[in-house]
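*Asks:* On the provided structure of chain E, position chain B as indicated by the hints.
The residues making up each chain are set out below.
Number of protein chains: 2
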Amino acid sequence: MNPTAISSQPLLLSDAEELRDLVESARRDGKTVALVPSMGALHAGHLSLVRAARAECDFTVATIFVNPTQFAPGEDYRCYRRTLDADLAALAALGVDVVFAPAVEQMYPDGHTTTVDVGGVALPLEGVCRPDHFRGVATVVLKLFHLAPAHVAYFGQKDYQQSLVVRQMVGDLDLPIRIRVCPIVREADGLALSSRNEYLSHSERRQALALSQSLRLASELYCVGERDAAVLRQRMREVFNSAGIGDIDYIALADRDRLEDVAVVGDETIALVAARVGKTRLIDNHLFDAPFAIHPAAR
Amino acid sequence: MNPTAISSQPLLLSDAEELRDLVESARRDGKTVALVPSMGALHAGHLSLVRAARAECDFTVATIFVNPTQFAPGEDYRCYRRTLDADLAALAALGVDVVFAPAVEQMYPDGHTTTVDVGGVALPLEGVCRPDHFRGVATVVLKLFHLAPAHVAYFGQKDYQQSLVVRQMVGDLDLPIRIRVCPIVREADGLALSSRNEYLSHSERRQALALSQSLRLASELYCVGERDAAVLRQRMREVFNSAGIGDIDYIALADRDRLEDVAVVGDETIALVAARVGKTRLIDNHLFDAPFAIHPAAR
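Top line first, the protein sequences correspond to chains E and B. For the record, in the first sequence the residue sitting at position 224 is 218 according to the numbering used here, with numbers rising by one throughout. For the record, in the second sequence the residue sitting at position 99 is 93 according to the numbering used here, with numbers rising by one throughout.
Just so you know, the hints here were simulated from the structure itself, not pulled from any lab data.
For identical chains, the list gives no copy identity; a pair is met inside one copy or between any two copies.
With a Cα cut of at most 25 angstroms, we get these calculated DMTMM-like pairs of lysine to aspartate or glutamate: (1) 25 with 15; (2) 25 with 12; (3) 25 with 11; (4) 25 with 168; (5) 273 with 183; (6) 273 with 241.
Pulled out of the complex, with its shape left as it was, chain E reads as follows (with noise of 0.2 angstroms):
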């Protein structure tokens, strides 16, 4: 951690093998690394991760890359918003040391052929909405993972199952990195932060509430000792049908680890939801281990 950096501008990197030598040699220095990735479009949740990672680390490196990969046709990447110059002015502000923001071709030439299959907890819930999702994340994640490598990388909790996916990831393929996962940030109200908010109209901005009190709901079932799942989810739903939301992707209680769909609810499991509002998707979800709280952006 280095307090007097903080005003300092980061370094804007765009070449890989740049990148990859700042990074070996704050690791040489005998500095601890860590690693941000994002699709740029920062709101506070990804500034909770740059904040956790300046606390815990000496050297952080963000990374800002809208991965096509990880779109399918029809889905939002060429409208995803980029907003590079805000992005830059956030993180200076937060200290980073480098932005690592490569062009597309720079990350996938022609002749480009290689995936990463994570399958097991990949395949569920979003595995089914988005199938070929989680091998453009993979693919990538283990990118920059190489590119950047570092001892800790960092990611929100938001995307829950993403998280178990590079996990998984990172197990399996034996990667010399550790995994740290920042609450959700929400907004007063309780929805969720997403860089997928900005397309909402000011009714589908109220709509979208469904989500997070749907979770509240099962929150506040379960801490009164509900256990049954069918039970939560049909609550939870008739918080959706009562929003007007019809298109719903999942209403999940499943095992925190393994993302099965459980019959009893307990400290392990988790509640996940995704449904569209409007044309926008947005995903959120709660554990069970802790009442549903709101942690709001840091000022």
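*Replies:* Here is chain B on its own, set in the frame of chain E:
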């Protein structure tokens, strides 16, 4: 290179963390690290890789692991020769620093689900005959690259397509490792060394010469000006027919980088053959940029 260590005993490891610690410590000491992956049953072809590694690097890790995931059901995984004591003696005589020989349960603990697909160059030839083979190869090689982060890894040209698959993976996944491919080592009569040659009966051993003889013939025809791939393939097929080998998987004349069939043979062409002699499947190849030559085993 450390000639004084030539008769010292290499350190035999089965623990992954010990291996990584040793390699990282060698790197910190400024040594260049070589990795020579094998499935054991070492012959002079493997040992030529070890010799190259010893000559070109400061610290040599050899791995011995019969990787179950690169064998299909019905292939020779169970009866693949395991000759650990002889392998260790041979590696000791060459001054290898570390031998890593993990258990299957360590490389693939229960719940291991991640795989790597290289696509492209992995798809034709062996990819057709052994559909899951290169997935198993790529996955285990990537694991070994993570466990023993070497500067250079050594592969034999006998498994030419494998060397292309590994190179493609290394490029696509941005791995900081150089791939060295060493020439095929042959018996005096031309038979390419293979651990599977031990399976051959006396008469099959004679038949097996068809592979190298067909390549030698193709080379000779090329040297006197024949450029028509169809003609070469036909003449090669006649060598197999004369030897009484009916079970030919492929006789290919292909681009040496992409393994796509060519109509006109040139210096960038490779001839690749695969056939079953009795129950034993053998492969061999020849690059047309130089005349067919026999590199005999070093003594």
